Every structure is written in C-alpha cells, then in structure tokens.
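Numbering (my numbering), first residue to last: 2 to 183.
Hints are not guaranteed to be accurate.
[To be verified] Derived DSS-like pairs (lysine-lysine); straight-line CA-CA distance at most 30 Å:
1) K13 <-> K62
2) K17 <-> K60
3) K28 <-> K17
4) K28 <-> K13
5) K110 <-> K132
6) K126 <-> K60
7) K2 <-> K62
8) K62 <-> K44
9) K132 <-> K17
10) K60 <-> K44
11) K3 <-> K28
12) K13 <-> K2
13) K3 <-> K13
14) K28 <-> K60
15) K126 <-> K148
16) K126 <-> K110
17) K3 <-> K62
18) K2 <-> K17
19) K17 <-> K119
20) K132 <-> K148
21) K2 <-> K60
22) K2 <-> K44
23) K44 <-> K119
24) K17 <-> K44
25) K62 <-> K110
26) K110 <-> K148
27) K119 <-> K132
28) K110 <-> K151
29) K119 <-> K148
30) K28 <-> K44
31) K60 <-> K13
32) K17 <-> K3
[Said to hold, decoys possible] The following label-pair restraints were derived from C-beta to C-beta distances:
33) P131 <-> L72: 41 to 51 Å
34) T96 <-> P122: 44 to 54 Å
35) E14 <-> R86: 32 to 42 Å
36) P174 <-> E139: 54 to 64 Å
37) S22 <-> T87: 13 to 23 Å
Just so you know, these hints were derived from the structure itself, not from any lab. All values derive from a computational prediction rather than experimental measurement. Don't be surprised by glycine CBs; every beta carbon is placed ideally from N, CA and C.
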Amino acid sequence: KKDDPRLIAALKEYHKQLMDSNEEISKHLAHDHGIHLSASSVKCARSYNGFVGGATNLKNKSQQEAEQLVLEQLDLDPAGHAGPRTIRHRIASRTSQHLPHAFIHETMKLHNPEGFEKRNPSARKILRHPKVPLGIHERWSCNGHDKLYKIGFPVYGFVDEATGAWLFADIAPSNRHNVIIG
C-alpha cells in the first residue's frame with residue numbers, strides 16, 4: 002500500500018499543507034479519499050515516500066541548502082510583509098519541504114532584520130493631524146453613539162468643532178438609518 006499512487010498523491014498534498022500529525026492525516030485519508038490506514042501505517046508510508054518533518058529534513062540538508070529555500074521565498078516578498086509562519090507555509094506549498102519555524106525565524110533575522118521591525122505592531126504610526134477650528138459654527142461634527150444602543154437608546158448628535166458645544170442631541174429609534182439622521 003505504500004506505493005499506491007492515490008496514497009502518495011494524498012500524502013503529498015497533506016505534506017504541502019504542513020499537516021504533520023499522523024492521526025490527522027489518517028482521518029483525512031479516510032474522509033477525503035476512502036483510504037483507511039492507522040496512524041502508524043501513515044507514519045511508515047510518509048517515511049517511505051520521503052515526507053518527513055522539519056527537523057528531519059533539516060538534518061538531511063546542508064545548512065546552505067535550507068537557508069537558500071528561505072532566501073528564495075524572501076526574494077519573492079520584496080516588501081517584507083511575510084513573517085516566518087508565512088514563509089514556512091510558502092516553502093511547504095511550493096517545494097514540498099518542511100523546515101522548522103525556529104530555523105526560518107533565525108535565517109530571516111540574519112538576512113532581513115528590517116522586516117521584523119517593519120511588521121512590529123508598535124512600528125506602525127497612525128498619522129494624526131491636529132484639528133484646527135476655523136471659527137464658531139464653521140464646522141460641525143455629527144455622529145451616532147452606540148454605547149446605549151443595546152438597551153434601546155441610540156444617540157445622535159451635532160457638536161461645534163471650535164467650541165465643543167453640543168448643538169443638538171436626540172435619542173432616535175436607530176442612528177443607523179439615513180431616514181432618521183437626515
């Protein structure tokens with residue numbers, strides 16, 4: 002059964018999806034392809050056909066070959082938006098080879114440290130401009146306030162931007178309908 006082309010094709014597809022759990026693969030084989038194998042048989046079939054995990058794959062490759070896989074994927078992402086998890090999935094789906102997350106992370110840190118800085122959530126600055134009021138009644142802000150919406154009191158109001166004075170506030174049936182707010 003290890004040489005069955007249907008089994009090999011299914012295992013290859015699951016391998017590309019980074020599916021490593023033999024139990025999960027066994028369930029998917031039964032559900033998707035009608036192939037019933039135990040988890041230990043799946044393990045033997047995967048090993049026999051060369052579908053090994055990241056740590057084993059890293060042992061069988063030279064450091065340079067494994068690094069090259071990561072660098073090829075980094076070259077395809079010049080903006081540096083992809084993190085280690087995305088790079089790992091891309092390597093698996095495009096080359097059918099698994100590499101450990103830690104190895105990919107370290108390789109990316111070595112060759113593309115600015116990518117990590119760019120993806121850091123605190124690195125994204127929100128561009129804010131100060132409100133400069135033109136004068137009294139020159140600009141009004143109108144907005145619905147949904148804090149009390151859950152208990153049946155949606156509030157809609159107008160505020161003068163220069164003074165901050167409330168010009169109008171109303172409890173409407175719904176502040177989400179154009180007919181109500183005008």
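Consistency of the hints with the structure:
no.: 1; hint: K13 <-> K62; in the structure: holds (19 Å)
no.: 2; hint: K17 <-> K60; in the structure: holds (19 Å)
no.: 3; hint: K28 <-> K17; in the structure: holds (17 Å)
no.: 4; hint: K28 <-> K13; in the structure: holds (15 Å)
no.: 5; hint: K110 <-> K132; in the structure: violated (41 Å)
no.: 6; hint: K126 <-> K60; in the structure: violated (42 Å)
no.: 7; hint: K2 <-> K62; in the structure: holds (28 Å)
no.: 8; hint: K62 <-> K44; in the structure: holds (21 Å)
no.: 9; hint: K132 <-> K17; in the structure: violated (52 Å)
no.: 10; hint: K60 <-> K44; in the structure: holds (18 Å)
no.: 11; hint: K3 <-> K28; in the structure: holds (17 Å)
no.: 12; hint: K13 <-> K2; in the structure: holds (15 Å)
no.: 13; hint: K3 <-> K13; in the structure: holds (13 Å)
no.: 14; hint: K28 <-> K60; in the structure: holds (29 Å)
no.: 15; hint: K126 <-> K148; in the structure: holds (27 Å)
no.: 16; hint: K126 <-> K110; in the structure: holds (23 Å)
no.: 17; hint: K3 <-> K62; in the structure: holds (24 Å)
no.: 18; hint: K2 <-> K17; in the structure: holds (21 Å)
no.: 19; hint: K17 <-> K119; in the structure: holds (28 Å)
no.: 20; hint: K132 <-> K148; in the structure: holds (25 Å)
no.: 21; hint: K2 <-> K60; in the structure: holds (27 Å)
no.: 22; hint: K2 <-> K44; in the structure: holds (13 Å)
no.: 23; hint: K44 <-> K119; in the structure: violated (40 Å)
no.: 24; hint: K17 <-> K44; in the structure: holds (16 Å)
no.: 25; hint: K62 <-> K110; in the structure: holds (20 Å)
no.: 26; hint: K110 <-> K148; in the structure: violated (44 Å)
no.: 27; hint: K119 <-> K132; in the structure: holds (29 Å)
no.: 28; hint: K110 <-> K151; in the structure: violated (47 Å)
no.: 29; hint: K119 <-> K148; in the structure: violated (35 Å)
no.: 30; hint: K28 <-> K44; in the structure: holds (13 Å)
no.: 31; hint: K60 <-> K13; in the structure: holds (20 Å)
no.: 32; hint: K17 <-> K3; in the structure: holds (18 Å)
no.: 33; hint: P131 <-> L72: 41 to 51 Å; in the structure: holds (45 Å)
no.: 34; hint: T96 <-> P122: 44 to 54 Å; in the structure: violated (30 Å)
no.: 35; hint: E14 <-> R86: 32 to 42 Å; in the structure: violated (20 Å)
no.: 36; hint: P174 <-> E139: 54 to 64 Å; in the structure: violated (31 Å)
no.: 37; hint: S22 <-> T87: 13 to 23 Å; in the structure: holds (21 Å)
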